Amino acid sequence: MPKGIYGKINFYLIAFFILLILFGINTGETSAVWEKAVSLCLSCMGIG
Amino acid sequence: MLVFRRWIQIAATLLSNAFLLFPLTRNLYQGRLKSICVPGLNCYSCPAATGACPLGAMQSLFANIRPSIQAGRIHIGLYVIGFLGLIGTLIGRMPCGWLCPFGFFQELVFKIPSRKYEIPRILTAGKYVFLGLFVIILPLFVVDEFGYGQTWFCKYVCAAGTLEAGIPMSGLQPQLRHLWGWLFFNKVLILLILLVLMVFIRRPFCRMICPLGAIYSLFNRLSIFKMVYHPDKCVHCQQCYKNCPMGVRFYEGANQPDCIRCLKCMQESCKYGAISFEIAGIQLEMPRHKEEHPKVMSDI
Amino acid sequence: MKIYMRTALLIAIMITLCVCVAGLHSEAWAETGKNTVIPIDPKGLEAIIKNRDCPLLIVAMASWCAPCRAELPTLQKLHETYGAKGLKIIGVSLDVGGPSAIQPLVDKMNLTFPIYWGGEKVTTAFGISGIPLIMVAKNGKIIENILGRRPEKVLINKVVSLLGECGSK
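Chains as they are written, first to last, in this note's numbering: chain L, 1 to 48; chain D, 1001 to 1300; chain H, 2001 to 2169.
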């Protein structure tokens, strides 16, 4: 079992995705998500 | 363990939908928690929802990429991609089996007694089509004259949105009924077809349609939590397949894309210890039925 | 091998994103038009409502909301037709990104009625749960909330019925 390879891929992927999250938070994507989440998305619900 | 999973599913459903004051306010929850994504498919337009649906958030970020950048904001969906990727790398498709309210709902509907059917395997590829087309390509590239795309999956397909938001919100705010059009009836039709399918087929939405499950499934082989198959102990009795809520044939390989790591096969079905799991390469064995390799007819 | 396929797919998704971003046109959308979006706080908005007796339509919207964008030309028409007859229309953008989010739309659609930027303060202060939302105000009070995009005819009928006394004066 090439466990070493799996382990390394996991490590890099986790670091990569955490970086993405931090970058997203830093550019204010959380507010962009919030503004859509707090108002009824009428077109999403198939209304309007 | 099975009961334990049910408790987790109930807790996750309640936590994702903890704003129970909605019948009084007739409005959805608007607090800060809504900027955080939940791991399962749970519409953020649901009156009780306390978090954001990762799929809805991702589509809306993709759909607004051009205008955001033109206004000087680099909102390209990294927050959501990172969130889903992190969960995927850690536990793969486990949220589907343990945390997703819509998956839980489908398991409950499947309990309605009836003849059960299996779907052709090719249909399970459908979720990747929905992911690629309705969540990524169409929202990114089909834009109007102002550069805005649409949330295609939410708008045209998502049955969870119809069930959790479209129908209850129309009840809470009656004036929404004036806005019902072919789009809404189309979505209700999709929901009704799926509801019928849910009685006869195991988790039809998760296996054929769900783009969120499709994203997590890509990580099943990479994740830190992994299922392990011991072919030497397997007798191919197919009990795991018969009991699997996703119709996975575990004996054809661990960590298949449709495996949601509910551990039902390990705990309940396999009496031969052929199924276990590992975390970061460390094998953990705790099957409930610990028996020796069974005596087969020729041994007796 | 599958592990590489999957990693490759992930990378492909990321590259698609990057290409998409890189391929964006960076041209400025419009030079500052005459109708500049001005920030407003909930108190300012309440003052506008209080100080007006004739019909006032406050349109809560956001740049990212498709039905809102679709409704804006109708509102512009209403403004042009009934503005002189006593109807006032104001737009309030709820974009969290500031006035710059809605400004390009205002310029491109040549909207001439006043557009304010209210942001999340207005969203929470007015408890706005869905957009587009037309808050109909008269005699200093909000008398009706119209949620969702409505056909032009419905809005015209509404406005005509509201104008009543104001229109004749």
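These aren't lab readings, by the way, just hints derived from the structure by calculation.
Certain hints may be false.
To be verified - To give an idea of the chain D side of the interface with chain H (calculated C-beta under 8 Å), a few residues: (1) 1027; (2) 1064; (3) 1146; (4) 1228; (5) 1231.
Computed from a predicted structure; not experimentally measured.
Note that beta-carbon positions come from the ideal geometry of N, C-alpha and C, so glycine has one too.
Here is what the structure says about each hint:
1. For the restraint placing residue 1027 of chain D at the interface with chain H, the shortest Cβ-Cβ distance is roughly 4 Å, inside the 8 Å limit, so the hint holds.
2. Evaluation of the residue 1064 of chain D hint against chain H yields a held restraint, the C-beta minimum of about 5 Å falling below 8 Å.
3. Checking residue 1146 of chain D against chain H by beta carbon gives a least distance of about 6 Å; that is within 8 Å, so the hint holds.
4. For residue 1228 of chain D, the interface hint is violated, since its Cβ never comes within 8 Å of a Cβ in chain H; the closest pair sits about 16 Å apart.
5. Of the supplied interface hints, the one on residue 1231 of chain D is violated, with its beta-carbon coming no nearer than about 18 Å to a beta-carbon of chain H, more than 8 Å.
In summary, the structure is inconsistent with hints 4 and 5 from the numbered list given earlier, while agreeing with the others.
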